[in-house]
Amino acid sequence: MKTYALIVDVEKCENCNNCFLSCKDEHCGNDWPGYAAPQPPHGHRWMNIKRRERGTFPMIDAAYRPTPCMHCDDPPCLAAAEHDAVVKRDDGIVLILPERARGQRGLAASCPYGAIWWNEELQLPQKCTFCAHLLDGGWQQPRCVQSCPTGALSLFTGDSEQLQNIVVDEGLQVLPVGSGAHPRPRVYYKNLYRYDRCFIGGTVARMREGVEECADGVSVVLRQGRDLLAEAVTDEFGDFRFDNLVRDSGDYLVEIVVGDTIAAARPFSLGVSGSLGTIMLE
Amino acid sequence: MAAYFMDRVLTRSEGVSDLLFRLILVSLYQLMRFKLAYNPLFRSSVGDKELTAQIKIRGDRLGRTYVFKQGRLTSTGGVAPAADVSLIFSDTRTAVRLMLDQSNKLRQLNALKNFRVDLEGDDRDAMWFSRTLSMLRYFHTEPSYGIPAQGGTTRYVSNTNGGPVFVYVKEGRIVRITPIIFDEKDGRSWTIRARGKEFTPPRRGSVNPYVLGLKSLIYSKDRLLYPMKRVDFDPHGERNCANRGISGYQRISWDEALDIVASEIKRVKQQHGPGAIMNSSGSHHTWGNLGYWLSAKTRFMNSIGSSHVVHNPDSWEGWYWGAMHHWGNSMRNGGSDTYGTVEDCLKEAELIVFWSSDPESTSGVYGAFEGTVRRQWAKELGIKMVHIDPYFNHTAALMGGKWLAPRPDTGNAMALAIAWVWITEDLYDKEYVTERTVGFETWRDYILGKHDGIPKTPEWQEPETTVPAREVRALARMWGRLKTYLSPGGLVGFGGACRCATGTEWARSMVCLMAMQGLGKPGRNLGCLQQGAPVDTNFYFPGYAEGGLSGDLDYTGLRVSVYQRMPQLPSMNSVSQMIPRLRIPEAILDQACEGYPTDPKSIEGQFRKIVYPAPGHAPVRMYYKYGGSHFGTMADSNRYARAYRSDNLEFVVNQSIWFEGEAAFADIILPACTNFERWDIGETANSGGYSHHQFIQWNHRVITMQHKCIEPLGESKSDYQIFLELVERLGLGAPFSEGQTELQWVRRLFDASDLPQVISWPEFLKKGYYVVPAPAEANRAPVSWRWFAEGRKKDVPELAPLPSDYSQWREGLQTQSGKLEFESSSLKRFAPDDPERPVIPTWIPSWEGHHHKALYEKYPLNLISPHPRYSFHTMFDGKDGSINDVKDHRVLINGRYYWIVRINSQDAAARGIGSNDLVTMFNDRGAVICAAQLTERIPPGTVHSCEGSSVYEPTGEPGSSPDRGGCINVLTPSRNIIKKSHSSASNTCLVEVKLYREEAQK
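Sequences listed follow chains A and B, in order.
Just add 4 to the spot in the first sequence (first one is 1) and you have this note's numbering.
Just add 144 to the spot in the second sequence (first one is 1) and you have this note's numbering.
Hint data in this document are derived by calculation from the structure and do not stem from the laboratory.
As the structure is a prediction and not an experimental result, all values here were calculated from the model.
One or more hints might be untrue.
Claimed, not checked - If you want the footprint, here are the derived chain B segments under chain A, 3+ residues with CB under 8 Å:
{"hint": "1", "region": "533 to 542"}
{"hint": "2", "region": "615 to 623"}
Unchecked claim - The calculated label-pair distances, taken between Cβ atoms and stated as ranges, are:
{"hint": "3", "chain 1": "B", "residue 1": "1004", "chain 2": "A", "residue 2": "221", "range": "37 to 47 Å"}
{"hint": "4", "chain 1": "B", "residue 1": "996", "chain 2": "A", "residue 2": "214", "range": "44 to 54 Å"}
{"hint": "5", "chain 1": "A", "residue 1": "253", "chain 2": "B", "residue 2": "296", "range": "52 to 62 Å"}
{"hint": "6", "chain 1": "A", "residue 1": "214", "chain 2": "B", "residue 2": "1004", "range": "25 to 35 Å"}
{"hint": "7", "chain 1": "B", "residue 1": "390", "chain 2": "A", "residue 2": "185", "range": "56 to 66 Å"}
{"hint": "8", "chain 1": "B", "residue 1": "1054", "chain 2": "A", "residue 2": "273", "range": "47 to 57 Å"}
{"hint": "9", "chain 1": "B", "residue 1": "347", "chain 2": "A", "residue 2": "253", "range": "39 to 49 Å"}
Built from N, CA and C at the ideal position, the CB exists for glycine as well.
Isolated chain A (complex conformation) (with noise of 0.2 Å):
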């Protein structure tokens, strides 16, 4: 069976919001009965762009989480629906039916991922339709997917069984919700590690005839624990990064390693993501 999902590779979104804005142009002043209403000009984010810096100036990065409706495969929305006003179709996606959603607000709150928006004019519960309008019309991707200039966005089209070996393979992840609820969504994020992780880092710099440098090409470990966690070796800066990390996940050790010996070592505990700072070797 043809089913659709989405991919986001979050290390490949940079922010430039063309799939935030072609899903205003496709959804806003355009009614598609049977999908949906008209999205209002200002307010909603069915494609909804979050976003993230990770460290303290001058070691940082930024990353970017496009979230539309996750399309799940067991909706709360669907469960919290009356008269049948959100459907999952057999391709996955998922539709709030704007003949039957008439004030039906508490839709938007049966989302784990806040992906549904209200409609106050309307008076309707409303989200990302996937552009099913278009996709059953023949079209190849939907708007946020055909506007995406990095790749960062993909349609995958086929059905389970290929869709659990590419999540498999490529080692995808879908959002985690609280409560211990298993939406099962269909929008799977590759590199999430770069929005929902932190990284930890430094600078090795040394003293050489009086003048600092950058100490490139050492070795440095991150251990915690007993546990050597990962190695890493500096770069032309001096610089260098553990990524990957869980956001409090207490003390660890960084060693610098010079030939044989320790030539350093800075134990931290880890809250967020940030840096060790310059560390100097004697």
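Chain B: place on chain A using the hints.
Same frame as chain A, now just chain B:
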């Protein structure tokens, strides 16, 4: 062949031509009657026009009269004494030749210029008759265009600053605007093989985000739909100039509006003399070779005679006034060509240094996201990247690599320190320096401190830039050891670092650094894969700066190709008075100013001083403002608001699409439509002029028919139509329009290009675009600078410098020595002792920076105001469009969308500022109220807020109260970077930021 025999026959006997002439006049009558009966378009065009026209031979020897009355036509042989319109030929041979072969435009123009043909009568009637005759030949039915698409829509094509688009229209309304996805028939793509991999671009065009907001802007509630008059403006009585920007407007008819503008044009010319009319436009306009400001507007302004506003080289500043003196490239405003660099970079380079370079935000210019995939390939190949920018920009965030954040306006100190490391550690190309450059020793000695006792070491630069010395040393070593591409600016020759007090010296140093590293050798060149795709540079289609239908040979590129390919009446401006754009306020308020010109013909073009008023010319009394607002883009912009309110300015007309920015300072507002509501033709990113071959930013050359997708909204009209209706009131209809409609001009431009060799007009008109196939590998443009590095003749496809500017044609550079000059010979000739621009690039601290202790204490934050990411200058911003909802463009607070200032969290904390708090950013020049965005992407001591707000909303007196629209240039200095220039230092700006409290303002 037929024309040849016709000429033979006509030459032989006047009797034959007389007979043919009579026959043609009768046939015209029959043809018009036939069309009136059977062609609805012709019938509606004739309408209820009541008019007597005649076609005759001078001296009334032969002729025929046509009487239009109540939609009917009658005709009599012979000449009527009281005709409203007369089309007069010198003789029957000329008449027959012209009327039988209307496709020969050159012959028609020559006949006009030699008075072999003339048109008499009221201009509007004459132009109507001329159009009626031309309809007998062209487009006798509605042209068929567009492709039927899903859901009952028709798919049209248009073009924008941010990429070509499909436009889906249903029942006269735009449903959606999307990028263009190529089909299998569209021209083939290129493939680059590098390091064992093959790279081919995706088969589509990309678009900038603002393009996807266009529909919301076309239907914006801020569209100007009717002509308007300021309520307290009376052209025959009180003008109340001081109320500009304050008073409201009332709707008036087009006739009233155009009559006022036309009579004011006549009045100021008669009352004050030449030069009293000034026109200015934004740097950019809606896309298209006909509608662009260098086309229809220029022909109009030349037709009425107007003071020429000289644009400063606003994106190039430091390159134009500085770098040009070391490598020439005047035709590129001091920037560089970048041919073949995508292939060379991917094959050879090991490092890309992005210096003040954020193509992911600025798209080079018009480049959309075409370069993004190429940079992703570079990342895949393991090419290292370093980003030098006070802001952790979007290119750095996407591509990764080391980020160095110098204090704004100090980058040149870092550049000199890099040179110091190379010199002292022997990390430069000595052979290249010896053979391809001159003056190195002088600069080397300066770097080493032999002139001033100060070696320009990494430690020396640290207090200036705040970048640790060890990091600059590491960068210098990396750069000196690896094959490196330098990308100064998102486009080579741009960059915010060239638009500050030290910008001239910085750009000069960029040239000198590359001169030390063998510029042009494999893997050592300029750019960041934003330019230099291997598309076909031999296929000709004009760019907008080539002047379209302007007829202007002085200030457009028309004379190079378009004038020959599309013969047209020249439109020379008789007014030689020039006004530097950055001095418009002084030209009005003080009636005196000066500056230096942007004249890229030669290096010396920039040395001729402009003095205003020009000898014997009147100061400006009437301002014809057209297009985008200056408030969001020009320095110290409150000056412009104050100038508007001066009695020195007797009349202001503003021709705009939206009610925004400066429009509220006009006496009469003329509503123009967007390019989606009129005909045009254009190629994406092809600007021509000083951005020659700019389309090499694109992975495919996409040339578009710009369909008239919908009818103009409300009563708005195309710019061309507005100008036409004005010139008809001034008797200039024929020389302005040549009797042509916009679609006819589009067809002429199509014919003038190489398109007819590859696609028919009906097919192009229907499908709406043509993708130029990638050339065979042998026809790819050679790599820029390679010829120079290898000591060969110049082989890249550009017609610059001019032949006279070489010592030996195509050998060497435009500089006097023909080499890269560390010590500039042009500056030695012009002003060798200028302390602001010495003959070698040196460290000259900013004139508004941390060295100015009292000022710095008062205003301790360096403001940078780069080009915006989600709008194109003022285009696409505001106007209640969907762009307003982009989280990083504006922020909705208390019902108003505020402009964003980005501030380091430490600076914010010290001032009690939280995220999304409203703040006042201010200095002695003014104040702007913004929404604060707390960030680590900017170091403490620096704040970031883009230029380009289209909204100017003074909280009190216009010109002297805080603006809450977001015009950041209210804060920036109007001082020239150096005195001998006309330049903008927008990134030299000290400010303070404090919490905004509305109550406190009252």
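Structure-based check of each hint:
Closer than 8 Å: that is the beta-carbon criterion, and the region 533 to 542 of chain B has 4 residues meeting it against chain A, so the requirement of 3 holds. Note: the region 615 to 623 of chain B has 6 residues with beta-carbon separation from chain A under 8 Å; the three-residue rule is met and the coverage holds. At about 39 Å, the beta-carbon gap between residue 1004 (chain B) and residue 221 (chain A) stays in the expected band of 37 to 47 Å. A C-beta distance of roughly 33 Å is found between residue 996 (chain B) and residue 214 (chain A), which places it outside the suggested range of 44 to 54 Å.
Between residue 253 (chain A) and residue 296 (chain B) the beta carbon distance is about 57 Å. The supplied range of 52 to 62 Å therefore holds. One distance hint, 25 to 35 Å for the beta-carbon pair residue 214 (chain A) and residue 1004 (chain B), holds here, with the actual separation near 33 Å. Against the hinted window of 56 to 66 Å, the Cβ-Cβ separation of residue 390 (chain B) and residue 185 (chain A) comes to about 58 Å, which satisfies the hint. In this structure, residue 1054 (chain B) and residue 273 (chain A) break the distance hint of 47 to 57 Å, their C-beta atoms being roughly 27 Å apart.
Distance hint for residue 347 (chain B) and residue 253 (chain A): a CB-CB separation of about 45 Å, consistent with the stated range 39 to 49 Å.
Checked against the numbered hints given earlier, the structure breaks hints 4, 8 and satisfies all the rest.
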